[in-house]
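Chemist: Residues 687 to 822 in this note's numbering are what the sequence shown spells out, letter by letter.
Wrong hints could be hidden among the right ones.
As a list, the in silico DMTMM-like pairs of lysine to aspartate or glutamate whose alpha-carbon atoms are at most 20 Å apart [said to hold, decoys possible]:
(1) LYS809 x ASP719
(2) LYS699 x ASP808
(3) LYS699 x ASP784
Pair by pair, the computed Cβ-Cβ distance ranges are [to be verified]:
(4) THR720 x GLY819: 39 to 47 Å
(5) ALA790 x ALA754: 22 to 30 Å
(6) SER731 x ASP779: 27 to 35 Å
(7) SER807 x SER776: 41 to 49 Å
(8) VAL696 x GLY819: 20 to 28 Å
(9) ARG726 x THR752: 27 to 35 Å
(10) LEU805 x ALA777: 14 to 22 Å
(11) ALA777 x SER692: 40 to 48 Å
(12) GLY772 x GLY740: 25 to 33 Å
(13) ARG814 x ALA777: 51 to 59 Å
(14) ILE797 x ASN717: 19 to 27 Å
(15) VAL778 x SER713: 17 to 25 Å
Because the hints were derived from the structure by calculation, they are not lab data.
Ideal Cβ placement from N, Cα and C applies to all residues, glycine included.
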Amino acid sequence: MANLESHLGVYSKALDLRAQRQQVLASNIANADTPNYKARDFDFSQAMAQAMAGRPSDGALPLARTSAGHLGAGNGAGSVRLQYRGEAQSAVDGNTVDMDVERAQIADNAIQYQILTQLISDKFSGLRTAMSGTQG
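Construct the entire structure; sequences and hints are all you get.
Modeler: Pasting the structure below:
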């Protein structure tokens, strides 16, 4: 079972990060008309490397536990360091969301998410085939 976890753990962490990135990008689009809103994103490869190492992202603050009954924060793999995206074109209201960039990033992220789900599906399909071949 530990072997299965080691193979699927990478995919699981990547899916979590892709879902987080989708939320960040959707937040940018939702705030496209908000004055002084700064578009945000994160470096997926850096976040993935930190998640695989089990380290919290740079600048992450540890959660304070005020009672022994509180749950811990885990290994910090779910937190990413958000960065402000560079301004492509200045807006009068100070908003840095470029809808073309956001749409392209969302499409790319969705494709990467779909690829990951297909890889997981293929992995399970291979496991099913291997198990059915040993039972005969």
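Chemist: Range first: 39 to 47 Å. Now tell me if the beta carbons of THR720 and GLY819 are that far apart.
Modeler: violated, 57 Å
Chemist: Check the hint pairing LYS699 with ASP808 against an upper bound of 20 Å on the C-alpha distance.
Modeler: Between LYS699 and ASP808 the Cα gap is close to 17 Å, so the pair holds against 20 Å.
Chemist: Taking the beta carbons of VAL696 and GLY819, is their distance inside 20 to 28 Å?
Modeler: With a Cβ separation near 25 Å, VAL696 and GLY819 satisfy 20 to 28 Å, so the hint holds.
Chemist: Taking the Cβ atom of SER731 and the Cβ atom of ASP779, is their distance within the range 27 to 35 Å?
Modeler: With Cβ atoms ~32 Å apart, the hint holds.
Chemist: Evaluate the given range 17 to 25 Å for the C-beta pair formed by VAL778 and SER713.
Modeler: Holds: the Cβ-Cβ distance is about 22 Å, inside 17 to 25 Å.
Chemist: Could you check the hint for me, namely that SER807 and SER776 are 41 to 49 Å apart, CB to CB?
Modeler: holds, 44 Å
Chemist: How does the Cβ-Cβ distance of ALA777 and SER692 compare with 40 to 48 Å: does it lie in that range?
Modeler: Holds, at about 47 Å.
Chemist: Against the range 51 to 59 Å, how does the distance between the Cβ atoms of ARG814 and ALA777 compare: consistent or not?
Modeler: Given a distance of about 52 Å, which is inside 51 to 59 Å, the answer is holds.
Chemist: Assuming the hint says 22 to 30 Å, is it satisfied by the Cβ distance from ALA790 to ALA754 or not?
Modeler: For ALA754 against ALA790, whose Cβ atoms are near 48 Å apart, the range 22 to 30 Å is violated.
Chemist: CA of LYS809 to CA of ASP719, is that 20 Å or under?
Modeler: Not OK: LYS809 and ASP719 at ~43 Å, beyond 20 Å, violated.
Chemist: Can the suggested window of 25 to 33 Å be confirmed for the beta-carbon pair GLY772 and GLY740?
Modeler: holds, 30 Å
Chemist: Are ARG726 and THR752 spaced within 27 to 35 Å by their CB atoms?
Modeler: holds, 30 Å
Checked against the numbered hints given earlier, the structure breaks hints 1, 3, 4, 5 and 10 and satisfies all the rest.
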